[in-house]
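Asks: One letter stands for each residue in the lines below.
There are 2 protein chains.
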Amino acid sequence: MAKNTDLDDFRVPFFDGGKKLKPFDLSSVDPSAKPFSTGTKDGDRARLAEIGAQLDDLQERLHAQRHQRVLLVLQGMDTSGKDGTVRAVFHDVDPLGLRIVPFRAPSEREAAHDFLWRVHAQAPMAGEFAIFNRSHYEDVLVPRVLKQIDADECERRYRHIRDFEALMADTGTTIVKCFLHISKDEQRERLQARIDDPTKHWKFDVSDLEARKLWDHYQHAYAVALGATSTDYAPWYVIPGNSKTHRNVMVAELLLRTMQGMKLEFPPAKESLKGIKVE
Amino acid sequence: MAKNTDLDDFRVPFFDGGKKLKPFDLSSVDPSAKPFSTGTKDGDRARLAEIGAQLDDLQERLHAQRHQRVLLVLQGMDTSGKDGTVRAVFHDVDPLGLRIVPFRAPSEREAAHDFLWRVHAQAPMAGEFAIFNRSHYEDVLVPRVLKQIDADECERRYRHIRDFEALMADTGTTIVKCFLHISKDEQRERLQARIDDPTKHWKFDVSDLEARKLWDHYQHAYAVALGATSTDYAPWYVIPGNSKTHRNVMVAELLLRTMQGMKLEFPPAKESLKGIKVE
Numbered sequence: 001m002a003k004n005t006d007l008d009d010f011r012v013p014f015f016d017g018g019k020k021l022k023p024f025d026l027s028s029v030d031p032s033a034k035p036f037s038t039g040t041k042d043g044d045r046a047r048l049a050e051i052g053a054q055l056d057d058l059q060e061r062l063h064a065q066r067h068q069r070v071l072l073v074l075q076g077m078d079t080s081g082k083d084g085t086v087r088a089v090f091h092d093v094d095p096l097g098l099r100i101v102p103f104r105a106p107s108e109r110e111a112a113h114d115f116l117w118r119v120h121a122q123a124p125m126a127g128e129f130a131i132f133n134r135s136h137y138e139d140v141l142v143p144r145v146l147k148q149i150d151a152d153e154c155e156r157r158y159r160h161i162r163d164f165e166a167l168m169a170d171t172g173t174t175i176v177k178c179f180l181h182i183s184k185d186e187q188r189e190r191l192q193a194r195i196d197d198p199t200k201h202w203k204f205d206v207s208d209l210e211a212r213k214l215w216d217h218y219q220h221a222y223a224v225a226l227g228a229t230s231t232d233y234a235p236w237y238v239i240p241g242n243s244k245t246h247r248n249v250m251v252a253e254l255l256l257r258t259m260q261g262m263k264l265e266f267p268p269a270k271e272s273l274k275g276i277k278v279e
Numbered sequence: 001m002a003k004n005t006d007l008d009d010f011r012v013p014f015f016d017g018g019k020k021l022k023p024f025d026l027s028s029v030d031p032s033a034k035p036f037s038t039g040t041k042d043g044d045r046a047r048l049a050e051i052g053a054q055l056d057d058l059q060e061r062l063h064a065q066r067h068q069r070v071l072l073v074l075q076g077m078d079t080s081g082k083d084g085t086v087r088a089v090f091h092d093v094d095p096l097g098l099r100i101v102p103f104r105a106p107s108e109r110e111a112a113h114d115f116l117w118r119v120h121a122q123a124p125m126a127g128e129f130a131i132f133n134r135s136h137y138e139d140v141l142v143p144r145v146l147k148q149i150d151a152d153e154c155e156r157r158y159r160h161i162r163d164f165e166a167l168m169a170d171t172g173t174t175i176v177k178c179f180l181h182i183s184k185d186e187q188r189e190r191l192q193a194r195i196d197d198p199t200k201h202w203k204f205d206v207s208d209l210e211a212r213k214l215w216d217h218y219q220h221a222y223a224v225a226l227g228a229t230s231t232d233y234a235p236w237y238v239i240p241g242n243s244k245t246h247r248n249v250m251v252a253e254l255l256l257r258t259m260q261g262m263k264l265e266f267p268p269a270k271e272s273l274k275g276i277k278v279e
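Chains as they are written, first to last, in the UniProt record's numbering: chain W, 1 to 279; chain F, 1 to 279.
Chain W on its own, in the form it takes in the complex:
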């Protein structure tokens, strides 16, 4: 295992608070890199199982405390592996302490509110680990690429997002955000695989190909998003994702380090229970 690899190398530089947005240079991260791989797929799977057991223990402490909260935000292009990451990384974590929140296009009622209304409603509660599968970022990225909002509105929305995430962080939520980074070639292969397997057609809409045509626009919109919202209280990490096993291990390592830093202990034993014999 690449023990000396530093997760911080994949953290997007902190947003400096200036007014001008500086897009992050996504081309500086190779989507095929495997810095957290053990070197073999079997080794990666073993490492993932090892981390999974540790995450399960940490999550039980989080749940037992009912005090702190964790929010993982997963973003990435179509087929970047958001669903697969959730499934693999949390395979050994007790589902009772997790809440997975998929965000799709807003409903009419949701769209009739400000864009953070539906997101706030899904924020994790004390003791909970919430996973946003897509998130509030979609409500800036998509309209920006489709030119429904201009650069000024985009800046305003990212400011609102920073403020919203600051509120959550200040009130006890640890936030980690992952951009699953795949190459355009890798996406072609994955989309083609879905087309070639009729039992996967339900995952596919012809409009996905329209989004692919806008690949460069989306990559730029992501670069702006990452640069504008990678704060010290809610950092973005770019996860090289062409290799699925690497992606899973790296996200797991990141969550492990994050939760280890939360000083999660079981609540103190209850004196009132001492010596009680159940009849």
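The set of hints was computed from the structure by calculation and includes no laboratory data. Possibly wrong hints are sitting among the right ones.
Which copy? The list can't say, so a pair holds if one copy fits it or any two copies do.
Straight-line distance between alpha carbons at most 30 Å, and here's what the computed BS3-like set of lysine-lysine pairs gives [claimed, not checked]: (1) Lys203 with Lys274; (2) Lys274 with Lys34; (3) Lys270 with Lys200; (4) Lys277 with Lys200; (5) Lys34 with Lys277; (6) Lys147 with Lys277; (7) Lys274 with Lys213; (8) Lys184 with Lys34; (9) Lys244 with Lys277; (10) Lys263 with Lys213; (11) Lys274 with Lys200; (12) Lys277 with Lys203; (13) Lys203 with Lys270; (14) Lys147 with Lys244.
With chain W's structure known, arrange chain F on it following the hints.
Replies: Structure of chain F alone, referenced to chain W:
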């Protein structure tokens, strides 16, 4: 494996629609029985893994269809294994298609509505498998045992529950309800184990011992509940639960049979995708 064992033997007799509630005779089911066990713990675990893979496939079809819905209701005395059942039975099922809903004592806002208001809000949507960890039944059982409601009100509530479950069933939800059946001795051992392990104290409240003192009252209240609401569209099954591995296998077998009966197929291939090459 006890291939000839019939799940129907553990189904509470259908509610006949009469006005008089007939409590189910819980003493007719031995909580230590293991009718669905393979005979060994290892064999049970292997069978569970086998069913887990099948449930995962069925759940993917359910999710792909986005048409039918499934609701599993889990009830039982403290320590009967509701949490453990969820964890074990769904270990290999994709968490993206599951939603686990824990019901606790109603909040002030929830209590200001009718008792089914908060439950309806959590009903599964198309393509979803929802698990109620405790449920609307608590809102009849607990107040009845604590004598906050009388027998007439209890009957009224069960009638409302039958009507509510009929609404869900008529509109595409397959409902299965499990009563995890443990003995009073088994509960003593499990409660004592929690008391003896300080890292488990957070799961324990001294008031749990008060509920244990009312064991017979709760057993009777459950007997009334099962008899009054085991309809053909939302049947109750009594799951012998003193053995955890048996309990898990039996719930898994029940869900497997239920979902196999739903004729879950992947949606038809999309003609529009035929022959498309991704560029």
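Asks: If a hint holds in the structure, say so; if it doesn't, say that too.
Replies: So, going through the hints one by one against the coordinates:
1. Lys203 with Lys274: For Lys203 and Lys274, the Cα distance is within 30 Å only across copies (15 Å; inside one copy 54 Å).
2. Lys274 with Lys34: neither (50 Å within a copy, 35 Å between copies)
3. Lys270 with Lys200: This pair counts as between: shortest inter-copy Cα distance 10 Å, intra-copy 52 Å.
4. Lys277 with Lys200: For Lys277 and Lys200, only the inter-copy Cα distance (15 Å) is at most 30 Å; the intra-copy one is 56 Å.
5. Lys34 with Lys277: The answer is between: 29 Å across copies meets 30 Å, while 54 Å in one copy does not.
6. Lys147 with Lys277: This pair counts as between: shortest inter-copy Cα distance 28 Å, intra-copy 68 Å.
7. Lys274 with Lys213: between (66 Å within a copy, 19 Å between copies)
8. Lys184 with Lys34: Within one copy, since 17 Å is at most 30 Å while 54 Å is not.
9. Lys244 with Lys277: between (51 Å within a copy, 23 Å between copies)
10. Lys263 with Lys213: neither (45 Å within a copy, 38 Å between copies)
11. Lys274 with Lys200: between (56 Å within a copy, 12 Å between copies)
12. Lys277 with Lys203: Close across copies (16 Å), not inside one copy (55 Å); limit 30 Å.
13. Lys203 with Lys270: between (49 Å within a copy, 11 Å between copies)
14. Lys147 with Lys244: neither (32 Å within a copy, 57 Å between copies)
The structure fails hints 2, 10 and 14 (numbered hints given earlier, in ascending order).
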